[in-house]
Amino acid sequence: MISDWTLWLEWFIKSVILIFALLGGFAYLTWYERRALARIQTRIGPNRAGPFGLLQPIADAVKLIFKEELTPAKAFKFVFFLAPILTVVPSIIIAAVIPWGRSINLFGREITLYLADINVGILYFMSIAAISVYGIVLAGWSSNSKYAMLGGLRSTAQMISYELSLGIALVPVILLANSMRMIDIVEMQKAAWFILIQTVGAFIFWIATLAEVNRAPFDMPEAEQELTAGYHSEYSGMKFALFFMAEYQKMIIVSAIMAVFFFGGYLGPWVDQFPLLGPVYMFIKIVLLLFGMIWVRATWPRIRYDRLMEFGWKILVPLSIVIVFITATGILLAAEFSNNIFLWMIPVVSVIVGLIPVVMVYRSLRRISYERA
Amino acid sequence: MSVLDPIVELVRGLWVTLKSIGEKPVTFQYPEEKREVRQRFRGRHVLKRYDNGLEKCIGCSLCAAACPSDAIFVEAGENTDEKRFSPGERYASTYEINMLRCIFCGYCEDACPTEAIVLGDNYELSFFDRRSAIYTKEMLLESVPSQSQLTPQKVEDGEHNRSVPEMKDPRD
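For the record, the sequence lines run as chains A and B.
First residue of the first sequence: 5, per our numbering; consecutive thereafter.
First residue of the second sequence: 2, per our numbering; consecutive thereafter.
Quick caveat, the hints were computed from the structure, so don't treat them as lab data.
Honestly, I wouldn't trust all of these hints.
Far from chain A, some chain B residues (derived; all Cβ distances over 12 Å) [said to hold, decoys possible]:
#: 1; residue: Asp6
#: 2; residue: Ser94
#: 3; residue: Ala134
#: 4; residue: Ile135
#: 5; residue: Leu141
#: 6; residue: Gln148
#: 7; residue: Asp170
Which stretches of chain A does chain B cover? Using the computed rule of at least three CB atoms under 8 Å from a CB of chain B, they are [to be verified]:
#: 8; region: 38-52
#: 9; region: 175-185
#: 10; region: 302-313
Where is the CB? At the ideal position from N, CA and C, for every residue including glycine.
Bound conformation, chain A alone (with noise of 0.2 Å):
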């Protein structure tokens, strides 16, 4: 039992402040991807309200709020009022195990920059992860519609396979730091971050997130040419603001762990001294890596369905379990005769295996193009 009432009041702060970043977040992070987007394509973007467009999620939100909402005549009306909910919780609950910095001092307590320790972070961030397809799933099912029981469908098909590959790219990453919390993973990457040891497994993790959170080019669950949006097509106003929502978190959380497992989390210059410069080199890793899916959206084409369950089974999932296997090899050879060439020769390997898949791809481009003429 804990008895300290300052305790509970810091988490709930703690909560307070992340649930509204997130939500902050979010409203912004569309504004981000609407400018980013839009320079990409030379135009200018939303610019209209407020300086350089910065109200403009605000409108957005008042608008959807005030929305109408329509509910499916044969829809199962309790299951469509739970799947936005079931979709929104877990992409919010699993910002809890990020690590924004160490710990601060702060009316004469410390305090520390993350809401929970707990030591199988990567377990709780992989199992919730897994937790909001089902609000996709139940949402394309209960709404009683052709395209949003397909958009569902895909999604589940699509989320489930390249979990596995989300989760096996980041074994690597365990076995690196040798622990399951996100502390430990941080504060293991001081000597180097983690992608320059393990860029294959950080190329695999990245690609199957861009498909865990549904983003182009594995758009497939709300492909708009086939499927209008899929699975929240037949949603309006505050329920198609919360997928909206979710989808958007998603992404930031999907970043912000791809910024700790890879990228080093709170790690940067004078971040020993200065506590709070975590949270800014996060936030800055976070950015980044934002842009980096937004520029991927902007640039590659949805790919096939067929093609994208071949990459993910029959490229992914092996790529990744050898990946597993050459990391493990290399740490047992470098703490067999103590020698850290060991550690440097995985991401050689590494990359040398990952050249097999290119080359597969090659030959399988080659035979259709010579199958064409």
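Please arrange chain B on chain A, whose structure you already have, making use of the hints.
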């Protein structure tokens, strides 16, 4: 085609989109910043005048006859030298175009024997009710530089007997 092509092509695509961030946006900030329309743009109609201020329109209704969507309504009135609107016998006492029907095909322009009706460069034709979609003669008529050129004018007898101006160059 080399083995690394699948990756090289992906990265080249990324490079193209990244480069375009530095380009100047092509957006026009519309209400403040208006774009010049093309020379042959077909916008809202304008009823033209001669240099002395007389209306070119003689109320012949050829534009109404040519109009494929029946958007133009013309009613003619008699000119006198005391109250002269246009050269010749008649002028358009009523001239209305229903902008909800008009398809901006420009046939009226082609049909007009005096080049009175011209499709101008104004494209800001929004309205809140159907009644304001009907553009009357006062709205369509070109403005005049001075009050003395307003129609009807009082003119010398026999000065403006010809309704269609004489052709300057018959081969034109």
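Here is how each hint holds up against the structure:
{"no.": "1", "hint": "Asp6", "verdict": "violated (6 Å)"}
{"no.": "2", "hint": "Ser94", "verdict": "holds (45 Å)"}
{"no.": "3", "hint": "Ala134", "verdict": "holds (28 Å)"}
{"no.": "4", "hint": "Ile135", "verdict": "holds (32 Å)"}
{"no.": "5", "hint": "Leu141", "verdict": "holds (33 Å)"}
{"no.": "6", "hint": "Gln148", "verdict": "holds (42 Å)"}
{"no.": "7", "hint": "Asp170", "verdict": "holds (48 Å)"}
{"no.": "8", "hint": "38-52", "verdict": "holds (count 7)"}
{"no.": "9", "hint": "175-185", "verdict": "violated (count 0)"}
{"no.": "10", "hint": "302-313", "verdict": "holds (count 3)"}
Violation of the numbered hints given earlier is confined to hints 1 and 9; the remaining hints are satisfied by the structure.
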